[in-house]
Structure formats: C-alpha cells, structure tokens
Amino acid sequence: MYSRAYKWIVSLPPLLWVGFFLLLPYGLMFAHSFWLVRDGFVVHQWNLQNYHKLFANPLYGEVLFRTMRIAASVTLLSLLLGYPLAYYVSFHAGARKELLYQLVIVPLWVSYLVRGYAWKTILGSDGVLNGFLQYLHITHEPVGFLLYSPFAVIVMLTHIYTPFVFLPIYAALEHIPRPLVEASQDLGASQRATFLRVILPLSMPGLLAGATFAFVLSLGDFLAPLLVGGPSGTMIANIVQSLFGAAYDWPLGAAVSVCILLITVTLLFLTERLEKRWSFK
Amino acid sequence: MTGIHANGRAPLLTIYAALVFAFVYLPIVVLIAYSFNRDGVGGFPPRHITLDWYRQLFADGAIWDAVQNSLIVAAASVALALTLGLLAALALDRANFPGKALFRRLVLLPLILPGIITGLSLLMFAVFIGLPLSLLTVFLGHGTALISVATTELFAGLQKMDRAQEEASLDLGASPWQTFLRITLPSLKLSLIAAGLLIFTLSMDEIAVTFFLIGRDNTLPLEIWGRLRRGITPEINAISTIIFAVSVALIVVWYRVRMRGLGEQPQELLERP
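Protein chains in written order, with numbering that gives the first Met the number 0: chain Y, 0 to 280; chain Z, 0 to 272.
Treat the hints with care, as some may be off.
What the hints assert, rightly or not - The list that follows gives simulated cross-link-like pairs (lysine-lysine, DSBU-like), each with its CA atoms no further than 30 Å apart:
hint	chain 1	residue 1	chain 2	residue 2
1	Y	LYS96	Z	LYS188
2	Z	LYS159	Y	LYS275
3	Z	LYS99	Z	LYS188
4	Y	LYS6	Z	LYS188
5	Z	LYS188	Z	LYS159
6	Z	LYS99	Y	LYS6
7	Z	LYS188	Y	LYS52
8	Y	LYS96	Y	LYS275
9	Z	LYS99	Y	LYS275
10	Z	LYS99	Y	LYS96
11	Z	LYS159	Z	LYS99
Quick caveat, the hints were computed from the structure, so don't treat them as lab data.
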C-alpha cells in the first residue's frame, strides 16, 4: 500500500537522528570505559585498566552494595504502599474509582525536584516534622538523623516511585476478568485464598513491571542522595558524577556507568522473561 | 462490578489506602502551606500568612529568565520529538528495514535507563564533536530522549487507526502527501496533543540529563537546584506551588483531550512507564 519512497522518507530521518544522537553517544560511553586518562587528557588507548580498578578497590563494591540495598528497600516499600492502594481503587472504590485513580496520577506530574525539596523541608533538623514533634512535646530537641541519611533517600524515592508502581499494578488488576474472581468465591474459596490464588498471580506481570521500574530508576539516581542523602547516603551514580566532575576521570566514570547499564539491562531482560511466564494465557 | 468480593467492605484496607494517599500528598500540602508562611520553612504550625514570598518571587529576575529558558527548550523539544517520533512511529508501523528491532529498543532506551547515563553519554558526544554546552545541547538532549515518548504514543495511535480510509484516499487519486495531511495527521490528532503535553511537562521538569548538558543559562529546575545548595527559602516553595498549579492545569487539559477520544482509556499512556 505504501510506496518505497514513502517508506524511505519516514524511516531515514529518525534512523539517522537516533543513530547520531543516541547510538553514537552510548557507544562513546562504552569506548571511554576502555580508554584512560593521562596528564588530565583522555587517551584513546584500549585497555581493561578501569574495570580492573573497579574490582580491585573495595569502595566501589561497597557503594554498589549500599545502592542495591537502598533500591531494594525503595522497591519493597513502593510495592507495600502501591499494591494495596491499587487493589483498593480497583476492587473497593466503587463510584469514586475514576477520581481516586486521577488523584494517584496527579503527583506523577509534579516535579521530581519539587517533591525532593519538600522532603528536605520536612525532614530537616529545623524542619516541619521536628517542629511538629516539638509542638506536641513528643521531643524537646530537634531529631537530627532524619535528614542526610540513607533513610531520607529511601523515604524520598519511595514517595516518588509509589505512583509509578501503582500504575502497572492497577492496569493488571483492571484486566482481571471479574467473573474469575466471582467463580473463586462461589466455589467456596475464602477472600484470602481468592486473593492469593487468583488475583495475586494474575496481577504478577504488573507487579513485576512496577518493581523493575522502581528498582532500576532508584539504582541510577544521583539527585536524591545529593538533596537529602548526606555522606552516608552516597550512591553509585554519585561516584560516577564525581568521577566526571571533580575527579576528572571520565574513563573510570564510564566504566562504572557501563556496570550500572549492564545491571539495568540484565534486570529488564530477566523481568521480561518472568512476565511472559506469568502472563495470562 | 458485582459479586461479594467487589462490594464487600474492607475497613482496614480503606484506612490503609487513606494513609497511602496521605503519604503521597503530605509533602505537596506542606510545600504549599509554607509558601504562605512569613517565618520561613520549618517550625510548626505555620503562622502569619503572607504573600511576601510570591512578591519576592515575581521580582526575581533570575527565576523568570530560567522559566523563559525552560519554556523555549520545552517548546523546541516538543517540535523535535513529535516530528521524529511521528516518522519513527510510521516507520515502525509501515516499513521494514534491517535493524528494525534494534531501532525500536534504541529509541526507548532513554525512557528506561537512568538519566545520568543518557546525560553523560550526550555530554561525551558534545565534547567529542566540539559542541559547547548551552541551551542548544540541553534541547538536543531533551528532544532526543523524548522521541521515545512520542514514538510510543503515536505508534499506539497508528495501531488503532483504520487503514481503509488511507487506502480509499489513495485509490481515489489523492497523492501520498495529500493523504498524509488530510487523513493520517487528523486521525492522529489526539495522540499528537497528548504526546505533546507529556513531552512538554517532562522537558520542563527534566533535571538528570540537563544536569550534564547545561551551559551558562539555567533552566528552571537547575536554577532551583542551584538555590537549594545555598539554602532554603520559601521563595522556592512559592515557585514550586506555581509549578504544581500549572501541572494540575495541564493534567486537566490532557484528561479532557483523552476523554474526547472515543473508547480510549486514559491510563494507556502511563500504564507501562
């Protein structure tokens, strides 16, 4: 139906653009990770030195491990908040369903930075939460550990990713044929059994999609640690950022980035396979 | 919705859901409340309501320069991402070429990868081709990264489209160009508006990629970021409140647009982020 010329005209510009402005830049990232720095200049000499450094210095492993722990906590908490919320909106909200759904969407459109900043003002030692606690005479002095800690990073990221986790789970719950749920109950299964054996398995693809999303984006976050994390909340992307900034070792920074990229891609690949296994046949 | 389960009351679940809503909205409420607090951010409860911070904000030249920069970058990014996203969606829908599967994945990569990786890759690229960092590099970054959003949305639009109309148009003697302008584009109108709004909002808010591509002129999020390092003032609450109000206004527009599309589900766009 469409002529050869038509196909060329629609394919060529995006192919060239994406090749030039995406493939080439990502390729450069890979290339840098095999180059090195000498006297403050990047030297195009192929070697494995950067990766060797990453494995030799335990600092990188430590930070990566902490990052994974933070990302896992964020993922778990977002699921614990997002799943019941999605379940409630999908099964129990009745006439208010559409409104509640929209209410979960709204914060998604509110700036990441604005929300991070809000947590900074809440958790700070002269912040809103401390003011509140002292107002109620629960504490008499500011509690200092709230801000500038991995705890603050986890709170902020959980707040940001809960609506993101909610969305695919809600979509999956909405796609469950209601007669299936009714059949389970009519046949005598308890609410608990219906949930565990019908609803939860059928919503698994949505749960996995949400979890992967929260984990992957937390893993590569460098702004939350800068904003509320303090030194003890440093994450792997902060290492990358400082290697590209003050430390000026782009090749080493690129090698760390490639590691983040590989973890991300591996996870996405694994969940894609898992989702297929769980998806409704 | 029928059945025991669906209508059953679940008081504990309801309370839990209310608490989650409270957690999600608490920071936003605090943010707005303290933008009117004379004594600054912190302390409880907020006392002495004032509009001083808004007055100070409106007199703040640097913020409005940054807003202007952000608007320019966002508008240009919408134009670039929509144009290339439309072509890419048409290519994925209608053409076969070697590397199509790779192309599809590559286009979506900026949506999936952490912003720092895309940002740094583009930084290395800019240095490599000798392009100085400025709003131009920020625009190239936003525009390119957001092709992903445009492609996803427009591809979904194309898949739903009835090809018979295009076929009829071509059969009745219209040129491919006329058919594109009179049939293809109008039937993608809703997807184009929705994608445009989303790209605009995402670009206005983008920080992770922008962080590495910014030159001397700041976008709004980077201007705010710079100020946060110097300390907290309710002026930031005031600008955040305005951003929030604008975002909500945009959602209402977006929602209206989506609702006008017959049989379209509003959640599709964000279903698989």
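Below or equal to 30 Å on CA atoms is what counts here, so check LYS99(Z) against LYS188(Z). holds (26 Å)
Restraint status (C-alpha distance of LYS188(Z) to LYS52(Y) at most 30 Å): Given pair LYS188(Z), LYS52(Y) is violated - Cα atoms ~53 Å apart, limit 30 Å.
What's the verdict on LYS159(Z) and LYS99(Z), does the C-alpha distance respect the 30 Å limit or exceed it? holds (21 Å)
Pair hint outcome, LYS6(Y) versus LYS188(Z) [Cα-Cα no greater than 30 Å]: Satisfied, since the Cα-Cα distance of roughly 21 Å is no more than 30 Å.
Taking only the CA atoms, is the gap from LYS99(Z) to LYS96(Y) under or equal to 30 Å? Distance of about 40 Å is beyond 30 Å: violated.
Keeping to a limit of 30 Å between CA atoms, is the pair of LYS96(Y) and LYS275(Y) held or broken? holds (29 Å)
Straight-line alpha-carbon gap LYS96(Y) to LYS188(Z), limit 30 Å: holds (28 Å)
Sort out whether LYS275(Y) lies within 30 Å of LYS159(Z), counting only the CA atoms. Holds, at roughly 24 Å.
Need the status of pair LYS99(Z), LYS6(Y): alpha-carbon distance at most 30 Å? Holds, because 13 Å separates the two Cα atoms, which is no more than 30 Å.
For the pair supplied as a hint, LYS188(Z) and LYS159(Z), is the alpha-carbon distance within the 30 Å limit? holds (13 Å)
Pairwise hint evaluation, LYS275(Y) against LYS99(Z), where the allowed Cα distance is 30 Å at most: holds (22 Å)
Taken one by one, the earlier hints fail for this structure at numbers 7, 10, listed in ascending order.
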